[in-house]
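Each chain, letter by letter, is given below.
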Amino acid sequence: MMSRVEAKKPSSCESEPLTSERVRVTLSVLKGVVTSCYGPAGRLKQLHNGRGGSVRTTSQSAALLAGLPVSHPVLKMLAASVQNHVSCFSDCGLFTTILCCNLVENVQRIGLPPTTVIKLNKHLLSLCTSYLTSEACGCRIPVDFSCTQILLCLVRSILTSKPACMLTRKEIDHVSTLILRVFLLTIPENTKDRIILGKSVIIPLKGQRVTDSTVLPGILIEIPEVQLMKILPIKKSDSFKVALFCASLSGDLSDTGEGTLVVSYGVSLENAVLDQLLNLGRQLVSDHVDLVMCQKVIHPSLKQFLRTHGVTAIDRVGVALMEPLSKATGTQPIGSLASISPSSYGSVKDLGTAKFGSKHFFHLIPNEATVCSLLLCSRNDTAWDELKLTSQTALHALQLTIREPCVLLGGGCTETHLAAYIRHKTRSEPESILQDSSCTQTELQLITEAFCGALESVAGSLEHDGGEMLTDGTYGHFWSAQADSSSVVNWPDLLSRCGCGLHSCRGELGLSFLRSPRPPFSPLTCLPPQEAAGAANNLTLDCFTAKLSGLQVAVETANLILDLSYVIEDKN
Amino acid sequence: MAAACSLKAALQVAKVLETIMSCCVGPEGRQVMCTKPTGEVLLSRDGGRLLKALHLEHPLARMMVACVSSHLRKTGDGAKTFIIFLCHLLRGLHAITDKEKDFFFSENIQTHGNHWKNCCQWKFISQALLTFQTRVLDYVVDHYLSRHFLSIFSSSTKERRLCRNSLEMLLEAYFGGRVGRNNHKFISQLTCDYFFKGMACESAFEEVFELVDDCYVELKVGVTGLPVSESRIVAGLVLHRDFSVYCPADGDVRIVIVTETLQPLFSTSGSEFILNSEAQFQTSQFWITERTKAIMKHLQSQDVKLLLSSVKQPDLVIYYAGLNGISVVECLSSEEVSLIQKIIGLAPFVLPQASSQHEVSSTALVKFCKPLILRSKRYVHLGLISTCSFVPHCIVLCGPVQGLVEQHSDALHGAFKMLRQLFKDLDLNYMTQASDQNCTSGPLIYKNSGESNQLPEIVNGSIQRPYQGTVVKNKDELAKSQTYLKVYSNLVVPNIELETHTPCSTLEVTPTDETLRCLSPNEAMIIDDHEPLIENNSANSATKNTGIDIYYENLQVTKIAGKGGMLPVRCTSLEMSTSPSYCFSSIPAGCVLPVGGSFEILLHYYLLNYAKNCQQSEEAMVSMIIANALLGIPQSLYKSKKGNYRFPQIYVRALRALQTNQPIISSQTGLESVAGKYQLLSSVLQCLTKILTLDLVISIKRQPREISDQDSEEEL
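Protein chains in written order, with UniProt numbering: chain V, 1 to 572; chain B, 1 to 716.
In isolation and in its complexed conformation, chain V is listed as follows (with noise of 0.2 Å):
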């Protein structure tokens, strides 16, 4: 026997890993990886293998983490509570990270015992969490399906965050237009008590303007020039009827079973099969196909055949397509080569062809299905694969919206507001929480403040320029001011408007200094409804699920890695 069994190596074991000094530096480094990319004015990150290969300029957290070289099991683990929910609800990543980080070094930096910290942390997330899903929350907007407003506002916020996709105001407003109407066009018109949204397939065209490009209801197919000539002049009908295949159609022989096979001289099983081919299209011929799609390869002689009698044919569709087609044509995949049910037929509204940029397509129209198109242009691939993930992200947001139908507000505002409404609550009445937490008031204090402060550096790292950042203490909003400006003092002058938009700047809102110590207040819920009506236009808003998920993550990761009390490192 020649087994090779090597001794394992001890693993490494390493105590309180949180005060290492390393774990400390690439934790801060990662943090100003992440806190730099953050908001509509944060810096590009270009990820490139210096050895040739692709290169990828990015903003995004899904992006940027799964590039990232990560090497302390710590980090590991943060990056890929990230990316789970990422995987989960497409946004808010940045923001999961940002906040993980920060409470991570803030509650370091006080120093008291983890087990104090984790309970407390997990109180004031109960709070927070209990806060934002409750109807009296300030910095919640519900959505009215009805008005596309709001919506178009959060799919501008999106896309206006992601400064990679390298998008002027003007191509924003297009492509947040477009990305609306294929949600739009994927809610079913007669819902019964659950929706079942419909599907959408976004189709690369690089090389041209965003501006080109465009939202188009069915499906359209992809296929070269050459087979674009075969296909026959389409005939003018009110419906067309459809087969699709999932059987391969190429005529090679099927499972045979385990035993063997033995075939005698002399008989051809080619034949054989491309009779059975041909019979097969007799029977669709009969049955007044008009377009026979297939997933796999259709045989060059039954195509020639379908052709002859007036059918266009189409092969090679891909797996990814076969529900989309499925659905758009009611048809059910057919994977029988001998006799075909005449339900599993679908029907088309209408055929034809169409050409965008240098690419051909075959268009299908649906009579009335939830499946749609969008063709997405961008100038260069980087910025397209930039701009593909973040209407995918705008997409899914819509979605999320539609299961808890309300929205948060968003440049910064819902994190100031947030942390002025936990300082007050645990100031005003702290004894719901010391009761069950066995801790005295000034430690309940002390992370507090390292909690909001957490809080409060997120709504800070949106600003890269080094602008001045305050906050009000009426509403508990972000205000952020120009770079040069710390001389003024009449605030209302150079401020026009909060992070998200809703409130402008007048005289008596207090503002002060995010990072200064301020009196503790209660920040007023109620929106005022004309300023909201007339600000609504322009409002910078957040997804409500991705970010709830993005709050409770970050704190629940942060709380592990605070907790950590050894890490075993297995060096095999």
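Using C-beta positions, here's what the derived DEER-type ranges look like:
#, chain 1, residue 1, chain 2, residue 2, range
1, B, 40, V, 264, 53 to 63 Å
2, V, 316, B, 325, 22 to 32 Å
3, V, 147, B, 338, 53 to 63 Å
In short, the hints are calculated from the structure, not lab data.
Beta carbons are placed, not taken as given, at the ideal position from N, Cα and C, and that holds for glycine.
We have chain V; now place chain B onto it with these hints.
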């Protein structure tokens, strides 16, 4: 290379391990992060897992880890306490050998080298430890500790019924040592809910635990990226895959399970299919299609709406299933299939040989079957209608990272193991002296060839006067022996085996079983005059293998069990509650004590008392060492507490309460298994004995060859 294996070395190793273990022990313990060589990151507070992850090199450390893992295999809990206790024992021994170098039998050792002298000394200690366990520990546990035991079962009813409150407390204490501080309450609540939702009736909990423990992997779903608080219990079974075809169906859904492809193939393995013409090929294909169609039609005609398949089905089957409105789930694992079969008691569907339209016998109904979407992944959700005591429920465990989800999942699985252990009785080696208040005759021990056998008689749950051992001398006394047997007929005699006729005129009865059940007298009494041997198979085979041989003339009833003459008598919790004065030398199922070192402090107190009254200095010494080492566990549990909750305060309060016979008030709510603690103690003592009996560690280049029996047979 050889290294002296001294107590000092062992202590050093144990100290290092203790520092790691003590940081994550108890409700205040913290998390440890482990990375796998594959780069995965795991969070853990599971002592066994951490010890394994360390990949220790030191031979003594490896031995300790091996001891811990063998203990964990038995009980599934207590790895951290194991190390802490072992370390304190070694400390105690070290202190003593330092102080009184010649305490143990120093007069016997005069000329050996110092090292060898120590080794001998340790060998004596290790022997003393072994005798301690059998003679002192079990005695103390049985005589003194047992009066403090609480039961997890509610005492009001006759049959064993789980008390929800106690179970909650037990689980909370367990998870307090296993998962993060913020989540242990939530997870223990979830587990408790799971049990009570999963039980069809409260008396059949043991079956449920067994099934859940065995099929745990199939019953949980891990979801990453969501906060822990999203974890929940879903009714029904969640299969870890998506539908191949989904046809929505309302109301009850009829299902079949298949284990082979429904489409006939050209040839099966080992056979040959000879194609002679193209037409033959086409007709065969046509036949295959028609046959598949017919099978699916047939299923549809039987109102089957869902097909569960353990293999991948061809496109054709999927297509016809879709046409006939039958949903299909493919590629189920064999574990999933067997779990479904266990729950609904459904046999796999066998293809009818001819296309005769007889009914499909093996179908079952499910309440619903629908897709379940968890974090954009689709699962199949089945509302199985259970035919056994387990009502199917699944646990969805959420967490921000995989490492945390796995920690919770492992902890849950460990909890099932721990509970299964708890519901078993545990034997003590100590021999009880059964006595009843009504019975003054005292313990009656039947002596035969130096063996002592306990003869308990329990009729209708109360203890009768023990039977004086009788020697059946001749045939005339057969009647007497029959009456004797009648007295015993209420004891379980599971297997009456046949053995060779031995001219022995003694009667030896040593019945032992967990639950004493009634066996009808006429079954036990079939004794033929001329056929000397009777086999009785009617007894329940679920009980332990106990053989009783009955002979004509020479009646011998022997129990063949490996414990010689020392056979414990056990009493179920039912007897415990009805006759508290009765002594039993077992820890009955479901015995618990409050957490927070109650077991350790109690045992410490009673061991010290025992040591005071003990004549033998050696035994007293060992008892003292163990009693003091026991305190190490509560010490490390309370090390971060403040004020009145520090260890010395707690200890003093407990001692005072014990001296004045008052109940001890525990500062923590929660319960732990006594049997688990007892087993831990004996495992540690065994480990210590192993360490002490070693004197030299020799490192060799090659692995020692295993001497197997097969080789020797070949040589012969």
